[in-house]
Structure formats: structure tokens, C-alpha cells
Amino acid sequence: MLQSNYMHTILPSTTHLATLAKIQLSEAKQQSIQKELVAILNMVDELNTVSTEHISPTGHITGLQNITRKDQENYTFAKEDMVKTMPETDADGYLQVHAVFGDNSPSH
Amino acid sequence: MKTIREIRQQLDDKEISAIELTEQFLDRIKKTNSQLNSFITITEEQARKQAAQAQKDINNGTQGRFTGIPYAAKDLFCTKGIRTTAGSKILNEYIPPYSATAIERCRDAVLLGKTNLDEFAMGSSNEYSVFGPCKNPYDLTRVSGGSSGGSAVAVASGQTLFAFGTDTGGSIRQPASFCNVVGFKPTYGRISRYGVIALASSLDTVGLFTRNIDDMAYVLQEVAGSDGLDSTALEAPTEQYSTFLGGDIKGLRIGIPKEYMEVEGFDPRIKQVCTDAIKKLEQLGASIAEISLPNTKYSLPAYYVLNPAEASSNLARYDGMQYGKPAKDTHSLEEVFLKTREEGFGAEVKRRIMIGTFCLSSGYYDAYYKKAQQVRTLVKQDFDQAFEKVDIIFTPVSPFVPFKIGERMADPIAMYLADIFTIPADLAATPALSLPAGFIDGLPTAVQIIAPQFQEGKVLQVSYALEQALALQSPALQL
Chain A
0 MLQSNYMHTI LPSTTHLATL AKIQLSEAKQ QSIQKELVAI LNMVDELNTV
50 STEHISPTGH ITGLQNITRK DQENYTFAKE DMVKTMPETD ADGYLQVHAV
100 FGDNSPSH
Chain B
0 MKTIREIRQQ LDDKEISAIE LTEQFLDRIK KTNSQLNSFI TITEEQARKQ
50 AAQAQKDINN GTQGRFTGIP YAAKDLFCTK GIRTTAGSKI LNEYIPPYSA
100 TAIERCRDAV LLGKTNLDEF AMGSSNEYSV FGPCKNPYDL TRVSGGSSGG
150 SAVAVASGQT LFAFGTDTGG SIRQPASFCN VVGFKPTYGR ISRYGVIALA
200 SSLDTVGLFT RNIDDMAYVL QEVAGSDGLD STALEAPTEQ YSTFLGGDIK
250 GLRIGIPKEY MEVEGFDPRI KQVCTDAIKK LEQLGASIAE ISLPNTKYSL
300 PAYYVLNPAE ASSNLARYDG MQYGKPAKDT HSLEEVFLKT REEGFGAEVK
350 RRIMIGTFCL SSGYYDAYYK KAQQVRTLVK QDFDQAFEKV DIIFTPVSPF
400 VPFKIGERMA DPIAMYLADI FTIPADLAAT PALSLPAGFI DGLPTAVQII
450 APQFQEGKVL QVSYALEQAL ALQSPALQL
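Line order of the protein sequences matches chains A and B. Counting in numbering that gives the first Met the number 0, the first sequence runs from 0 upward without gaps. Counting in numbering that gives the first Met the number 0, the second sequence runs from 0 upward without gaps.
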């Protein structure tokens, strides 16, 4: 069955989307982005005029299948080089973060 | 304009040293970069070291095909010890501990620097770069195109001999057409993606900018091929690309998709450039036929589901923990994520992450992401069916000439339309090349040559024949 022009009506609140996407947005930004998202989703909405019954989705495009390699260690990075790429480290070279378990810890 | 092969000969004959050659290009970059803004980072010191090493190798007679040849890479390719920003504030200070495979394959060449791009390769004008827009060398008030704008401009303005770019929806071919250079997106996976910062993994394709087709065949030969570090890199044997140049194209069947010519807003002057190029191909003995790619109009909407969805997943790693400087004055992990991403990402990146998050969210996945993947299948089938009748598909690259800086910034959809002719070849993962084909009021425009998957050689063969037949005279740059 073909459907059309329903998508923009079901766009969840930008507040909820921003939470899922883990991006903080100011009130003003939320309002401007809401308009843009609706415009984009209305454009994308055209897909619903295409019948895709019995059409397989394309995930990979060049026909490669089951590409494997030998189960061998292939890690050549020096520890100090990798530590340097970390945003914040403590004196022992461990990644420094806020406490994981606490009042404001992520809920997953 | 010398080809890379000729410059190779000069280096080997010691008519010029690798050091002199590198200095010439560094000079040119220094003189022009403040106007063009094509380079984010100029790797002057490393370039000099590499050039000195190259000259040693040449003196010892141990040089390879790339030894001493200057090049540049879009700042999306990881370069060991050299800042790699993706045009984003969030990676402003990121120094990778390794190099992309593409960069490794140019080990003997001389890296001049990292070029400007739309943030995380999201854009068609280079205006979404946190380092400011890259300017079109033919008119500094106009955009370079994007997202690989810096690489296109660097080749066009003589700052480098060749440059790497990436093409997800047109990010090589569109800026190539705006800047009068050859831009080639080979088959998906032809060049390894290892070490290239990911945008949309099912579409991201590494490709090249060169000044002519001869150079393209030369460079592609060196960088194409399978890679143990990228399981999507193609195992298929790579061809000797240079052997395709110069062969005649008599009897070759070339299809013109009628849907492309009917696109709303398509500049009739560019259509005329296409018509003239088609006539040349006919004179060369190719047979021209109208074909149909009926799902063309769904390519753009399908792309703007697939791309944001995959981008939203790929960009989850920029969280102030794995990558990106964490935001200050935070009190919890969650706050670090939220603030780091608010401060570190620009407007277009936020838009795409939000759209992608929505399209992948529980209850909407089938209606959006899966639907778009099904439409992708239809687009691919269009190409498969067309290639039963023709050997090559010929289309325009951009529906309009380079636009003014700022003209499309406020309207994301107007920006997305810039890629209407380039997206289908990404969805079908076919090799597609942008060939300079004419000037309209002094601004460059191009045509696109597309072959079935894996047939890079055929693209180069037809492009070379057309390039020679057109013998395009470019206006001199005022730089």
C-alpha cells in the first residue's frame, strides 16, 4: 500500500531526539532545527510513493560476502601513542572521566 | 601543463630535483592560500623531509613511480603525527597515531598538506567547514563545491599535482566540476577506506582529483587495490589503467538517461555543454542512445535517509571520551556527552545526526532506513538494466554553475539539490568521473562518465577520448 504525507506529523519532539542523539540544544536552536527537520522529512517523504513490496534492502553494494581474515593479533600501536589520543588522562595514563555511577549517571 | 609521467621523467633525468619541485608547490600554496583557503594544514616541514629523502632515493636509483611527487589529502584522511580535523571543531586538536592506507600507499610521494572540507564531509559547498569556506579559483566570490572543496581547488590552482578526496553523494565530482579539474569516484571499495574518517559507511568512496585523465590513470594505479585493513576494499584485480588511454571508442554504446535532462532547475547552458560533448562522442564513433533510469527522482530522498542514518551512528564516537576535547564545567558523564557535542558540532552535522537518529529510532527504522535501502536496490537495478543496453552512461555533474558564497547556506534542501546528478552513482556504487567540458560566463562546468561497477578502465578510456577531442581551453587564473 502506498502512503504519503504522513511523516512530518509523526516527528517526535526535538527535545526527545536531541536526548537520543546526545546533543544539548538551546531553546532557540530547538525551534529552528525543528523547522529544518520537518522540511527534510517532507522531502524524504517522497519515498512513500514507491512500491517496495518484495524488494530486498541493499546493505552492501559490491557483492562481497563473508570477508574474513586470519584470527591473528595485528596491533602495532605503542601504548603511549594511543594514550596521547585520549582527550583527558590521569598521571598513570588512564582515560579520565566523571564517575560512571552517581546521581546523574546515564540510564542504560 | 605537464603530466605526472612527464614530471616523473624530469625527476629521473635530474632536470629538476624533488626538493625544487616541492619548493615550487609550497611557494604556490603560500602565495595563494590566504585567498583560496584550500589548505587547513600545510605540512611544510614534513614535505621538505620527504622531498630530501625522495631525492636520495632518486640519486640511488631506488625510486618508485611516486617518489618525490607532491600531493595533498582532504583533511578526512588520517595522517600519522599530523593534525586531522575533518573540518570540525570537535577534532580541532586530533593527531592520529596512524595513517590511512591511501596515505601509506603514497609513502614515497610528498604530502604538502591537508585540505579544507565541509565538516565531516557533509555539504556541497565547503561552507560548512569550521575553518571557513574554500573559494572558487575562477571567481573568489563563489563556492568551490564540496565536500572535498579544498582538494579540488588545490589541484585547480596549481597548489598540488593531485589530491585525495572522498565521495559519498558527489563530494568529489561536484567540486571537480566547479573547479575545472578531473574528479574520479571509482567503484565503492576500489581504494581502501581504512583510516578515512567515516561519514556514511555503505556509501563512502575514496577517490582522486587530477589535472587530466593521464594523471588520473597514473595515480589510481598506485593507490587502488585490496587491503587487509578494510574488509570492504575490493579483491578484484586492478587493471593497468594507463593501457586504456588512447584506444578508440568506435562502436561503444553510450546512454543518456532522459530523467536527468528533465530535472527541474537544470541550467540550459549546462545542458548545451552536454549536447556539444555528446556530439563529440558521436564524431568519435560512439553510438548514442536515450535510456531510462526510472527511479532517479527517488535517489535524493533515499540518500537523505541513508546518509544521516549512517552518519548518526558513525559520529557517536565523538563524545569527549573516545574523540574530541571534553566540554568544560561538567558534572556528569551524560553532561560531558551533551555539551561536548553541542559545542563541537556545526549546524549541518547536528541536523544530520538528528534526522539519522530519528530514522533509526525504534518504530521508524522500517519506514525510513529499510525503505531507503529498498529504494537503493531499485536504483541499482535501474543501472544494471541500463548497462545491458549500453557500455557507458553520460550525464551532467551539477545542475548549476558554482553559486555565490552564502547563496544556499540558509536552506539545507537547496544545498542538497546540488548533488542530484551525482547521488545515483553512489547508490549504485558505479565508477563515475567528472570531466571538465566547458565554461559558462567564465565559470567551469563538467560532464559525467559512468561505467558498470569495477570498470574503471572503461571510464578512463571514454574520458580520455573525450578530453582529447574537447581540447578545452581554460581561462587563465588571476592568482
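Check the hints yourself; a few may be wrong.
Derived SDA-like pairs (lysine to any residue); straight-line CA-CA distance at most 20 Å [as the list claims (entries may be wrong)]: (1) B:338 <-> A:86; (2) A:83 <-> B:94; (3) A:28 <-> A:44; (4) B:324 <-> A:41; (5) B:379 <-> A:28; (6) A:83 <-> B:416; (7) B:296 <-> B:321; (8) A:34 <-> B:221; (9) B:1 <-> B:11; (10) B:379 <-> A:55; (11) B:324 <-> A:96; (12) A:78 <-> A:96; (13) B:327 <-> A:55; (14) B:379 <-> A:58; (15) B:88 <-> B:338; (16) A:34 <-> B:322; (17) B:327 <-> A:88; (18) B:338 <-> A:41; (19) B:369 <-> A:48; (20) B:369 <-> A:34.
Everything labelled a hint here was simulated from the structure, so no lab data went into it.
query: Which of the numbered hints above does this structure break?
result: Structure breaks hints 3, 4, 5, 6, 7, 8, 13, 16, 18, 20.
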